[in-house]
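K.L.:
For reference, the chains in residue letters:
There are 2 protein chains.
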Amino acid sequence: MENKLKQLKEILAECVDLMYAGALLEWDQQCYMPTGGSEARSYQMATLKRLAHQRLTSSETGQLLEDLKPYAEQLDPDSDDACLLKVAQRRYDKNVKVPSELVMEFARAAGASHVVWTKAKAENKFSDFQPYLEKIIALRRQYADCFAPYTHVYDPLLDDFEAGLKTADVQAIFADLRAQQVSLLQEIAARPQVDASFLFLNFDEQKQWDFGVEAITKIGYNWECGRQDKAVHPFTSNFSSGDVRITTRLTPDYLGTALFGTLHECGHALYELGVNPAYDRSLLGGGASLAIHESQSRLWENLVGRSFPFWQYFYPRLQEYFPAQFSNVSLETFYKGINQVSPSLIRVEADEATYNLHIMLRLELEIALMEGSLEVKDLPEAWNARMKDYLGVAPSTDSEGVLQDIHWSNGYIGYFSTYALGNLISAQLWERIQTDIPDLADQIRRGEFAPLLGWLREKIHHHGSKYEPQDLVQQVTGSKINAAPYMRYLRAKYSEIYGL
Amino acid sequence: MENKLKQLKEILAECVDLMYAGALLEWDQQCYMPTGGSEARSYQMATLKRLAHQRLTSSETGQLLEDLKPYAEQLDPDSDDACLLKVAQRRYDKNVKVPSELVMEFARAAGASHVVWTKAKAENKFSDFQPYLEKIIALRRQYADCFAPYTHVYDPLLDDFEAGLKTADVQAIFADLRAQQVSLLQEIAARPQVDASFLFLNFDEQKQWDFGVEAITKIGYNWECGRQDKAVHPFTSNFSSGDVRITTRLTPDYLGTALFGTLHECGHALYELGVNPAYDRSLLGGGASLAIHESQSRLWENLVGRSFPFWQYFYPRLQEYFPAQFSNVSLETFYKGINQVSPSLIRVEADEATYNLHIMLRLELEIALMEGSLEVKDLPEAWNARMKDYLGVAPSTDSEGVLQDIHWSNGYIGYFSTYALGNLISAQLWERIQTDIPDLADQIRRGEFAPLLGWLREKIHHHGSKYEPQDLVQQVTGSKINAAPYMRYLRAKYSEIYGL
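From first to last, the protein sequence lines stand for chains B and X. According to my numbering, the first sequence holds residues 262 to 761 in order. According to my numbering, the second sequence holds residues 262 to 761 in order.
It should be emphasised that the hints constitute simulated quantities derived from the structure, not laboratory data. Computed from a predicted model, the values in this text were never measured in an experiment. Watch out, some of these pointers could steer you wrong.
When chains are identical, the list treats them as one kind, so a pair holds in a single copy or across two.
To be verified - Keeping only pairs whose Cα atoms sit at most 27 Å apart, straight-line, the calculated BS3-like set for lysine-lysine is:
{"id": "1", "residue 1": "K468", "residue 2": "K491"}
{"id": "2", "residue 1": "K358", "residue 2": "K720"}
{"id": "3", "residue 1": "K380", "residue 2": "K355"}
{"id": "4", "residue 1": "K270", "residue 2": "K649"}
{"id": "5", "residue 1": "K380", "residue 2": "K267"}
{"id": "6", "residue 1": "K267", "residue 2": "K396"}
{"id": "7", "residue 1": "K597", "residue 2": "K330"}
{"id": "8", "residue 1": "K638", "residue 2": "K265"}
{"id": "9", "residue 1": "K380", "residue 2": "K330"}
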C-alpha cells in the first residue's frame with residue numbers, strides 16, 4: 262500500500278509540475294510576453310492543461326485511488342496522507358467527467374482571448390471581445406453539462422474555485438448582505454463627505470514603488486522567495502512555496518492603486534509563502550480556495566492596511582516619501598481620506614462599503630449568462646443598468662465598465678463571488694485574532710507584524726489545501742461563512758469616520 | 262495516410278509545446294526567478310522534458326512513423342512533409358534509445374546545478390560546483406552509452422547539437438584551423454598594438470542599453486515579437502516564431518560587452534524570427550543547428566558589427582550617446598580599437614583572432630572528461646595550463662577561468678565546438694553574400710540592412726530545421742564546413758589593421 266501511495270504521489274507531483282509550469286506561462290503572458298507570442302502561448306498553455314488533466318484522470322490514477330481506499334480508512338483522518346487521498350479523490354471524481362479535448366479547447370479559447378481583451382479594453386471596443394466571450398460562455402456551459410444533473414448550471418463552476426459551495430449558498434449569504442450594505446451606504450451618503458483629494462495628486466511612480474516595497478518588506482514578504490513586477494491587472498502567482506510573486510500597477514495621479522494593491526497582493530503571497538513546504542509538488546500545496554485566499558489579501562489590504570494603527574506607524578514614512586503632498590495633511594485626515602466611501606466605477610479601487618456590491622453585480626450577470634437569460638451582446642447594457650441601480654453611477658465607456666476585469670478573458674466564470682466571501686471571512690478571522698492577540702493594535706502601531714503573521718500562518722497558511730475551505734473557516738472561527746462580523750466591522754469603522 | 266500524418270503532427274506539436282514551455286521556465290530561471298524557486302523549478306523542467314521525451318518515443322509515435330514510411334517515399338523529398346518525416350524519424354530513432362528516467366534525472370541534475378554554479382562563480386568556489394559537474398558528466402556518460410557502440414563517446418553528445426557531425430570531423434577541421442590561428446596571432450603580436458583604452462571608460466548603463474536598442478531596431482529586430490532583458494550570461498530564447506527574446510549584460514566600465522553582446526543575440530533572434538511561421542509547433546521550427554545559429558549571431562556581431570562600413574553609419578550616433586568618451590576619438594581609431602587583438606581570459610569577450618582558441622580548449626577538456634582521462638577535480642588546473650599554452654594568459658581565479666561559462670552547469674556538454682564552427686560558416690556565407698550583393702558595403706554604410714537580412718532569410722532563416730546543417734551549408738555556399746574563408750577574412754582584416 263505504501264508503494265501504491267508513492268506511485269500516486271508521483272503522478273500527482275507530475276500534475277502539479279504541469280500546473281505550475283502553466284502558471285509561469287500565464288505569469289509571463291501578463292508581465293512580459295510580446296504580443297507576437299500570443300497564439301503559440303495559448304497552444305502551450307492548453308497542452309499543459311490537457312496533459313495535467315489526462316494524467317490526473319488516467320485509469321492508473323483511478324485504480325490507485327480505488328486500491329488505496331481501505332488504506333485511507335485506517336489512517337488518522339486528520340493526517341496529511343488521509344487528507345491528500347480525500348483531495349485527490351475529489352479532484353479525480355470531478356475531472357474524470359470532463360473530456361480532455363474540452364479542457365484543451367477551453368484553455369486555448371481562454372489563452373487566445375486574453376490578448377483580444379487587453380486590446381479591446383485599451384481601445385474601448387467591447388464588440389471585438391464579444392465573440393471570444395461568447396465562445397468562453399459556450400464552453401463553460403459544455404463544461405457544466407459534464408456534471409448534469411446539477412441543482413444549478415453555475416454550481417460546477419463555483420465549485421472549481423470554492424470546493425463544496427453551492428450557488429444557492431452564495432445567493433443566501435449575498436441576500437442577507439446586500440440589504441445591510443445598501444442601508445449602511447445610505448446612512449453614509451447622508452453624512453458630510455470626508456476629504457480624499459490629497460490622494461489624487463501627482464505621485465512619482467518610482468517612489469510609489471519604493472514605499473510599497475518598504476511596507477511589504479516590513480510586513481514580512483520574503484524577497485528571496487518572490488519578486489514584484491508590473492501588470493495591467495495585478496495578481497499573485499505561485500510556482501512553489503519558495504517562489505511566490507506579486508505584481509502591482511502604478512497610477513501617477515492616484516496613490517491608492519499601488520498602495521493598497523501592493524498590500525493586497527502581498528496578503529495573497531504571504532499565504533502561499535506560509536504553506537507547509539512539505540506540501541510542494543502535492544495537491545495539498547497552495548491555498549485552500551479563492552475565498553480563503555481573498556480573506557488573506559483583504560485582511561492585509563483593509564483590516565490592517567486601512568486601519569488607524571497601521572498608519573500611526575507608516576504615515577511618517579509616507580510623508581518622507583511625499584512631503585509636498587502630505588506635509589500639511591494630518592494623520593487623522595489621511596486616515597479618513599483612505600477610507601472615503603464613494604460609489605465608483607472600478608471594482609479594484611472600490612472602498613470597503615461598496616466593494617461587495619460590485620461583486621454581486623458580477624455574480625448576477627454571470628449566472629444570467631450561464632442560464633442563458635442574458636446574451637453576451639447585451640452584457641454592456643445590463644452592466645450599466647445594474648451599476649446605476651446598485652451604485653448610482655454608470656460608466657461612460659465599456660473600458661471602465663464591462664471590460665474592466667481580466668477574469669472573463671481568462672475564462673474565469675464562477676470566480677467573482679469569492680472576493681466578497683473573502684471579505685466576510687477576513688472579518689470573521691479578525692474577530693478571532695482580536696481575542697487571541699489582545700494587544701494587536703499596539704503591535705501594529707509599533708510596526709510589529711510578526712505575531713499577526715504568525716497567527717495566520719499557524720491557523721490558515723500552514724495547512725495549504727489540506728482542509729475544505731468551509732471546514733477551515735468553521736475550525737478557525739467556530740462559524741460558517743456569514744456576513745455578521747464584516748457588517749459589525751464596517752459599521753464600527755464608518756460610525757467613527759462618518760459620525761453615523 | 263493523410264490522417265496518420267495528421268495524428269503524428271499533433272503528437273509532435275504537443276512535444277514542441279512542452280519543449281517551448283520548458284524553454285520559458287529556463288528563460289525565467291535565468292532572468293527573473295528568485296532563488297527560493299530553484300528546487301521546484303528543476304522538478305518542473307524535468308517533468309516537461311520527460312513528458313516530451315515519452316510522447317516522442319511512445320509506441321504510438323513509432324507505429325505512425327513506421328506506417329508512414331511508404332507514404333514518405335512517394336513525397337517530393339524536398340517537400341515540408343518529407344523533411345518533417347525525416348527529422349521526426351531521426352529524433353525518434355535517437356530518443357527511443359534513452360530511458361525516460363535518465364532524461365528526467367539529467368534534467369533535474371542540470372536544473373539543480375544552475376543555481377549552485379551561479380553562486381560558485383560569484384564566490385569563486387569551484388569546489389562547490391564540482392560534485393554537481395561530476396554528476397552531470399556521469400549522467401552524460403550514461404547517455405552516450407545508450408548509443409553504444411559508437412566511434413567516440415563524445416559523438417552522441419555532439420550530434421545532439423549538430424546533427425550528423427562526428428567528433429573526428431570537428432577534430433580535423435580544428436587541427437587545420439589551429440595552426441593557422443596560432444600563426445596569425447604570432448604575426449599580429451609582432452606588430453605595434455592598437456589603442457582600445459577608450460572602450461574601457463565609464464559608460465552610463467542606460468545609455469548603453471538605449472544605443473543597443475537603437476542599433477538592433479535599425480538592423481531589423483521586431484519588438485512586437487520579442488523583448489530584451491538582463492541576464493548574467495546573455496542568451497536568446499524562442500517560444501515560437503512570434504516570440505523570440507534576447508538578453509544582454511551591461512558592464513559599466515567596458516563598452517564592448519553590451520555593444521557586441523546585443524548584436525550577437527540579435528543575430529540569433531533574427532534567425533528564429535525569420536523561420537517560416539508554418540513550422541511553428543512542428544519539428545521543422547527553430548534553427549537548423551547550433552553552428553548555423555552561431556553563424557548568424559557571429560555574422561551580425563563581427564562581420565557586420567565590427568566592420569568599418571557599419572561604424573561609418575553608427576559611429577556618429579554612438580558619439581552622440583557618449584560625447585565625453587568619443588568626441589576626440591576618430592572613426593578610424595575606434596574601428597581599430599574594437600578590433601584589437603589581445604589574448605584574454607573571457608571567451609565571450611575574446612576578439613576574433615583568439616576566440617576559436619578558447620573553443621578548442623573547451624572541446625579538448627570536454628572530450629577528456631567524457632573519455633575519463635581527466636577528472637572533474639583536476640579541471641581547473643587543466644584549464645589554466647591550457648590557457649597558458651594556447652593564449653599565453655592564465656586566470657588568477659576560477660570565476661575568470663573554468664567557472665566562466667554557464668554551459669556545463671546546464672548540462673550542455675558537446676555544445677562549445679559549434680561556436681567555432683559558426684565562425685567558419687559565417688565567413689563562408691559572407692563570401693557568398695558579397696557575390697550576391699555586390700554593393701553590400703555601401704548599403705551598410707547607409708544603414709540599409711534589409712537586403713542583407715532578406716538574403717539570410719531566404720537562404721537560411723526561412724528553412725528552419727528543414728535541412729541538416731551540413732547539407733544547408735553545402736546548399737548555400739557550395740562547400741562543406743571549412744576554415745579557408747574564415748582565415749581569408751581574418752587575414753585580410755588584420756593585415757589592414759595591424760599592417761601585417
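K.L.:
It remains to establish, for every hint, whether it holds in the given structure.
P.N.:
Outcome of the hint check:
no.: 1; hint: K468 with K491; verdict: both (14 Å within a copy, 23 Å between copies)
no.: 2; hint: K358 with K720; verdict: neither (34 Å within a copy, 50 Å between copies)
no.: 3; hint: K380 with K355; verdict: neither (35 Å within a copy, 44 Å between copies)
no.: 4; hint: K270 with K649; verdict: neither (51 Å within a copy, 52 Å between copies)
no.: 5; hint: K380 with K267; verdict: neither (47 Å within a copy, 34 Å between copies)
no.: 6; hint: K267 with K396; verdict: between (40 Å within a copy, 25 Å between copies)
no.: 7; hint: K597 with K330; verdict: neither (57 Å within a copy, 77 Å between copies)
no.: 8; hint: K638 with K265; verdict: neither (51 Å within a copy, 41 Å between copies)
no.: 9; hint: K380 with K330; verdict: neither (50 Å within a copy, 46 Å between copies)
Checked against the numbered hints above, the structure breaks hints 2, 3, 4, 5, 7, 8 and 9 and satisfies the rest.
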